[in-house]
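*Asks:* For reference, the chains in residue letters:
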Amino acid sequence: MSVGIVGWGCKLPRHRIKLETIADVWGAHAPSFKKGLLLYEKSVPNADEDVITLSTTAARRALMRAGIDPRKIGALYIGSESHPYAVKPSGTVVAEAIGCGHDVHSADYEFACKAGSEAMYVAHSHVKAGEMVYAVGIGADTSQGAPGDALEYSASAGAAAFIIGKENVVATIDYTHSWMSDTPDFWRREHEHYPQHGGRFTGEPAYFRTTLGCANALLEKSGMKPGDFDFCVFHQPNGKFPMKVAKMLGFDTKGPGFETGWLTPWLGNTYSGASPIGLTAILDIAKPGDRIFMVSYGSGAGSDGFIFTVTDAISELQDKAPHTRPQLDENKRYLSYGQYAKFRHKILRNS
Amino acid sequence: MAQTLTARVWREQPQRYRMIANRDRETGRVYFPPRLAAPGNLEAEFEEVQLSGRGTVATFTVIRVAPTPYADLAPYALALVETEEGAKLMCQITDVDPEQVEIGMPVEFEFRRLFDDNEASVIYYGYKAVPV
Numbered sequence: 000m001s002v003g004i005v006g007w008g009c010k011l012p013r014h015r016i017k018l019e020t021i022a023d024v025w026g027a028h029a030p031s032f033k034k035g036l037l038l039y040e041k042s043v044p045n046a047d048e049d050v051i052t053l054s055t056t057a058a059r060r061a062l063m064r065a066g067i068d069p070r071k072i073g074a075l076y077i078g079s080e081s082h083p084y085a086v087k088p089s090g091t092v093v094a095e096a097i098g099c100g101h102d103v104h105s106a107d108y109e110f111a112c113k114a115g116s117e118a119m120y121v122a123h124s125h126v127k128a129g130e131m132v133y134a135v136g137i138g139a140d141t142s143q144g145a146p147g148d149a150l151e152y153s154a155s156a157g158a159a160a161f162i163i164g165k166e167n168v169v170a171t172i173d174y175t176h177s178w179m180s181d182t183p184d185f186w187r188r189e190h191e192h193y194p195q196h197g198g199r200f201t202g203e204p205a206y207f208r209t210t211l212g213c214a215n216a217l218l219e220k221s222g223m224k225p226g227d228f229d230f231c232v233f234h235q236p237n238g239k240f241p242m243k244v245a246k247m248l249g250f251d252t253k254g255p256g257f258e259t260g261w262l263t264p265w266l267g268n269t270y271s272g273a274s275p276i277g278l279t280a281i282l283d284i285a286k287p288g289d290r291i292f293m294v295s296y297g298s299g300a301g302s303d304g305f306i307f308t309v310t311d312a313i314s315e316l317q318d319k320a321p322h323t324r325p326q327l328d329e330n331k332r333y334l335s336y337g338q339y340a341k342f343r344h345k346i347l348r349n350s
Numbered sequence: 000m001a002q003t004l005t006a007r008v009w010r011e012q013p014q015r016y017r018m019i020a021n022r023d024r025e026t027g028r029v030y031f032p033p034r035l036a037a038p039g040n041l042e043a044e045f046e047e048v049q050l051s052g053r054g055t056v057a058t059f060t061v062i063r064v065a066p067t068p069y070a071d072l073a074p075y076a077l078a079l080v081e082t083e084e085g086a087k088l089m090c091q092i093t094d095v096d097p098e099q100v101e102i103g104m105p106v107e108f109e110f111r112r113l114f115d116d117n118e119a120s121v122i123y124y125g126y127k128a129v130p131v
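Chains as they are written, first to last, in numbering that gives the first Met the number 0: chain A, 0 to 350; chain B, 0 to 131.
One should not assume that every hint holds.
Claimed, not checked - Computed far set for chain A versus chain B, every beta-carbon distance over 10 Å:
1) A46
2) K165
3) R188
4) G202
5) E203
Unchecked claim - Taking beta-carbon pairs under 7 Å as the criterion, some of the chain A residues facing chain B (in silico):
6) R13
7) D49
8) T55
9) T56
10) P83
11) T91
12) E95
13) A96
14) G98
15) D102
Hints were generated in silico from the structure; no laboratory data involved.
Cβ coordinates follow ideal geometry from the N, Cα and C atoms, glycine included.
Given these sequences and hints, build the entire structure.
*Replies:* Here you go:
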């Protein structure tokens, strides 16, 4: 019996800030950023949203689609680099909120932007091994970018949740692969508010070497080639990198095969949520038989790769929960830089 | 400000996290938070009900001078929401300009941060309403 996704859900905040709004404050040339990074605006979490709330809503939406008893979930993992607590798990709150009960293995993962795909990877392995009926993998972040830093133009918020199981699978997980090396391109030390990064080093060798390493190994393992896939999705720290890496691998970047999961120009970089949220947008519209190629990337550095095949069961579930793209395009509330700074706790105040 | 009693909030998790209500088996009336006795019937029997997560605004006010834990959220709408099951509950309406809130407006409940005592304290979570 094939193991795969039995339910998926996405939650994006409603607030946005335009790239021009940030650039105006720091005297940056917005058209250059827009052209250079293919970024136009980004999501901002409300003051009452964090990784736990976004993950809970995404997981509830995954349950709406899967229609399973949450007490059959044996594991729940959240990958994020912005867990609300330094010490206290996010997963326990989410598991309680979605009604998993207490017989659950829960852990919070961290591996920069690939923590979400790690959660999916481990959830898949548990179910495949027969240890449990269902396992949940979540990728979520309310990303941090220092004021004025290049990261501030992209660091955004969102969550994607996947329930992995063996029955009523909507997308089988056919192949997986992980690739890693010790490449310190982006980091945040204990007690530091904002991450540091290695500038252009984050592109080459970090992002491209790692993503290509995983993608090529996954293609070799599967015996497939880019033309065999209907959709592809990559980690998207900006709009440019995933497009470049897709082209380097030989994927067609014009049309829905690439553009469906390419959300960063309007969403920003949701870090651990980035490629998982792109995958939810693909599942929202995929048809039975479609093949999906996904490779995440996390600084430090590593990539997780997945090949999915969509099954006949997907059509009935697609409209049972909110789709991802309308969350991106509708009901937006634009913020001034001052409101954004207040929401993101960037203003120093008397305690 | 006084420190919130973590144990008290922990005991309220079924309501705050999962919106568990109860229904009077005799009258069918749904109560949220769950009651131990019904008005006029101290021996009423109840069954547990999971609220659907949808409702409409019965009435509301706009809070502009908020208590300390909610000061950063002001101005916000504080509403009495009638759920699909007929229970009425008080909660904030978030993700909306309070000037746009109207009586009869359909809402759904989302899991949100409610408050904390300070940056070192436990964070308390629960439901808020958002426009549909």
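*Asks:* Now, for every hint given, state plainly whether the structure supports it.
*Replies:* Results for each hint:
{"no.": "1", "hint": "A46", "verdict": "violated, 5 Å"}
{"no.": "2", "hint": "K165", "verdict": "holds, 26 Å"}
{"no.": "3", "hint": "R188", "verdict": "holds, 19 Å"}
{"no.": "4", "hint": "G202", "verdict": "holds, 35 Å"}
{"no.": "5", "hint": "E203", "verdict": "holds, 39 Å"}
{"no.": "6", "hint": "R13", "verdict": "holds, 5 Å"}
{"no.": "7", "hint": "D49", "verdict": "holds, 6 Å"}
{"no.": "8", "hint": "T55", "verdict": "holds, 4 Å"}
{"no.": "9", "hint": "T56", "verdict": "holds, 6 Å"}
{"no.": "10", "hint": "P83", "verdict": "holds, 6 Å"}
{"no.": "11", "hint": "T91", "verdict": "violated, 11 Å"}
{"no.": "12", "hint": "E95", "verdict": "holds, 5 Å"}
{"no.": "13", "hint": "A96", "verdict": "holds, 4 Å"}
{"no.": "14", "hint": "G98", "verdict": "holds, 6 Å"}
{"no.": "15", "hint": "D102", "verdict": "violated, 17 Å"}
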